[in-house]
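*Asks:* Each chain is listed here by its residues.
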Amino acid sequence: MKKLGFVGVMVAVFFMVGSATAGTLDDVKAKGYVQVGVNGDLFGFGKPDGKGVWKGLDVDTGRAIAVAVFGDPNKIKFIPLTAITRFTALQSGEIDVLCRNATRTLSRETALGLNFVQVNYYDGQGFLVPKALGVKSAKELDGAAVCVLPGTTTELNVADYFRSTGMKMKPVVIENTAELAKAFFAGRCDCLTSDASQLAGTRAVAPKPDDYIILPEIISKEPLAPVVRHGDDQWYDIVNMSVLAMINAEEMGITSKNIDEMLKSKDPKVQRFLGVSPGNGKALGLDEKFAYNIVKMVGNYGEVFDRNVGKNTLLKIERGLNALWKDGGLMYSPPFK
Amino acid sequence: MTVYSYDNSVDEIKPPATSVGVLGWMRSNLFSGWFNSVLTVLIVALLIKTVPPFVKWALIDSHWLPSGVGCGDGQGACWSVVTANLRFIIFGFYPHDLQWRPLLAMIILVVLLFYSQNRNHWRKALVWGWLVGLAVMGILLRGGLFGLPVVESSQWGGLPLTLLLSVFGLTAAYPVGVLLALGRQSEMLVVKSLSVVYIEMIRGVPLISLLFMSSVIFPLFLPEGVTVNKILRAQVAIILFTAAYIAEVVRGGLQAIPNGQYEAADSLGLNHVQIMRLIILPQALKIVIPPSVSILISAFKDTSLVVIIALYDLLKTTKSVLSDPKWMGFSAEAYIFLAVIYFLCCFFMSNYSRKLERELDTGL
Numbered sequence: 001m002k003k004l005g006f007v008g009v010m011v012a013v014f015f016m017v018g019s020a021t022a023g024t025l026d027d028v029k030a031k032g033y034v035q036v037g038v039n040g041d042l043f044g045f046g047k048p049d050g051k052g053v054w055k056g057l058d059v060d061t062g063r064a065i066a067v068a069v070f071g072d073p074n075k076i077k078f079i080p081l082t083a084i085t086r087f088t089a090l091q092s093g094e095i096d097v098l099c100r101n102a103t104r105t106l107s108r109e110t111a112l113g114l115n116f117v118q119v120n121y122y123d124g125q126g127f128l129v130p131k132a133l134g135v136k137s138a139k140e141l142d143g144a145a146v147c148v149l150p151g152t153t154t155e156l157n158v159a160d161y162f163r164s165t166g167m168k169m170k171p172v173v174i175e176n177t178a179e180l181a182k183a184f185f186a187g188r189c190d191c192l193t194s195d196a197s198q199l200a201g202t203r204a205v206a207p208k209p210d211d212y213i214i215l216p217e218i219i220s221k222e223p224l225a226p227v228v229r230h231g232d233d234q235w236y237d238i239v240n241m242s243v244l245a246m247i248n249a250e251e252m253g254i255t256s257k258n259i260d261e262m263l264k265s266k267d268p269k270v271q272r273f274l275g276v277s278p279g280n281g282k283a284l285g286l287d288e289k290f291a292y293n294i295v296k297m298v299g300n301y302g303e304v305f306d307r308n309v310g311k312n313t314l315l316k317i318e319r320g321l322n323a324l325w326k327d328g329g330l331m332y333s334p335p336f337k
Numbered sequence: 338m339t340v341y342s343y344d345n346s347v348d349e350i351k352p353p354a355t356s357v358g359v360l361g362w363m364r365s366n367l368f369s370g371w372f373n374s375v376l377t378v379l380i381v382a383l384l385i386k387t388v389p390p391f392v393k394w395a396l397i398d399s400h401w402l403p404s405g406v407g408c409g410d411g412q413g414a415c416w417s418v419v420t421a422n423l424r425f426i427i428f429g430f431y432p433h434d435l436q437w438r439p440l441l442a443m444i445i446l447v448v449l450l451f452y453s454q455n456r457n458h459w460r461k462a463l464v465w466g467w468l469v470g471l472a473v474m475g476i477l478l479r480g481g482l483f484g485l486p487v488v489e490s491s492q493w494g495g496l497p498l499t500l501l502l503s504v505f506g507l508t509a510a511y512p513v514g515v516l517l518a519l520g521r522q523s524e525m526l527v528v529k530s531l532s533v534v535y536i537e538m539i540r541g542v543p544l545i546s547l548l549f550m551s552s553v554i555f556p557l558f559l560p561e562g563v564t565v566n567k568i569l570r571a572q573v574a575i576i577l578f579t580a581a582y583i584a585e586v587v588r589g590g591l592q593a594i595p596n597g598q599y600e601a602a603d604s605l606g607l608n609h610v611q612i613m614r615l616i617i618l619p620q621a622l623k624i625v626i627p628p629s630v631s632i633l634i635s636a637f638k639d640t641s642l643v644v645i646i647a648l649y650d651l652l653k654t655t656k657s658v659l660s661d662p663k664w665m666g667f668s669a670e671a672y673i674f675l676a677v678i679y680f681l682c683c684f685f686m687s688n689y690s691r692k693l694e695r696e697l698d699t700g701l
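Top line first, the protein sequences correspond to chains F and D. Counting along the first sequence from 1, when you hit position 228 you're at 228 in our numbering, and nothing is skipped either side. Basically our numbering = 1-based index in the second sequence + 337.
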């Protein structure tokens, strides 16, 4: 019987064999869509809305890649993945690129055989505390009960932080983000630790948001970036440049609204960027208008940020590290030439 | 002819008021001893403490509008989380304007199930009805024929996915389980040992680990670029898992059949297949209806474990809704709604099994 089951699986395999050729770009073009691994449960980054339409910063990054390849943001398939299945899905070729708030680390770049492209969100782990606790800094949290999600680097980071500062903590580990937030608001722990982007969301759903503050200390570096497999430099370049195109557009002051006027710009940098003077597209193996299409159909980085996590949303996250370098952030694009 | 006459002057003595009517019933059922009296009082106190507040929370003070107006007051239940997201919870990513298709498919399934409940309807035509029904459901879900746009299986979700995984999982697992049980009883060494190894191996690991293997380890064995549909992988894992449990239950039924039945069948000159098909299995399967149904019920609920491999079944769509900051605080309402759906399905199954048992009862 075991054999029967296995034969069934193998038969199914042969019905679903995709063509495996050398380049991801060729594969993607042959399929007619980009397969993007996303989170699925993270508001602001990757999550379907009430109508099943995907929304989020990572989702829009995926759309930018689809636009770069096809000139159409809908030639894309989103595959929701868990924290455990995400890298396997990429390694096995189930997805072409992973846009799922994955932190770039050395071991993931090397041992897992993955390449992280340009960071699309600089995050970091922080603490949310009730104002009533009277704590102004994370250094005063000695002996605190800390609410934390299990299984992610978050748990490890907070343990490291308390050990390195010689403080004691009582971890309160709860599996589900929503339940974790409830436990925190119910007073089961003194503080809640998570990535700062998520703390903003948690604070937004507090019964009285003004009763809670996010402490200034950021105890970890979480550069979140899209990921591709080792060994396909052309695809790496395409994904990388798709993210950078959005940053570069913001830097040049090009938005989805004014882009058609910018086409008439006399500035050679703008002309090269938008493909008015050709070169960039051919170098990547893409349409000359790929950057134009990305900004026109998805938006520049600032627009995407504001739309998904910024001041217009429930999260109300400040630009902070994610501002342009000109404004004191870390977003910086190499020249498009 | 003797005439009996009654002396009407004596009134009939009525039983004491405390032993008839409502009072009598209460006395014999609720207060028949000091222990039962204490229990009754405690339970009534508990009900008074819990039921009115629950009714107040769930019905009187509750909010139903999809806009979520008034939900923030922290008073009553906020059913808005369900009404506002009902279509996503039920249908997942299925394109919004095509959702009549899975709805129709589910209606066909329910109608077929209810029609099949009556054993008088069990004729050849019903088998064809099921085959046609399943084909129609498949076409409705998948599309691609008769001008229906194709909807990829990656967009299936919610209740249709839960039903798909359980209905196909259970119907495929049952025959496999019966074969495994027969294999384990077999006198052929290879068949027997393969069955034993399979059953013990699968029963030795939890379903979660099988699902993980099918979604995390299995793809790594395939050549690059070859992928197997995620739903199919989960489906196969569920079938393999449930079959092992059904096999052991059926084996119990086989062992309950007395040897005389085998001998009598032998003496009629039937061959092995005929003995099993005509004499042994009909009796054995009847015996194991109650444990089979409890396996089916638990398998139905187990399909919600596909959450961990990010398939958007009913539980996952609900969780996804709850991760929206707007609805984050209302998990109780959403989970109560889910519990009601699961309860209805499971209650239907157990009710049906009791009915089958009664009808098939031959007094043996």
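No wet-lab data here; the hints were simulated from the structure. Glycine residues also receive a C-beta, built at the ideal position from the N, C-alpha and C atoms. Among the hints, a few may not be true.
Claimed, not checked - Heads up, simulated PhoX-like pairs for lysine-lysine below, C-alpha to C-alpha not over 25 angstroms straight-line: (1) F:K311 - D:K461; (2) F:K168 - F:K131; (3) F:K316 - D:K351; (4) F:K131 - D:K663.
Stated by the list, open to error - Which bits of chain D does chain F cover? Going by a derived footprint, with three or more residues having C-beta under 8 angstroms, they are: (5) 598 to 607; (6) 612 to 621; (7) 656 to 662.
*Asks:* Tell me the numbers of any earlier hints that the structure contravenes, in ascending order.
*Replies:* Of the numbered hints, 1, 3, 5, 6 do not hold.
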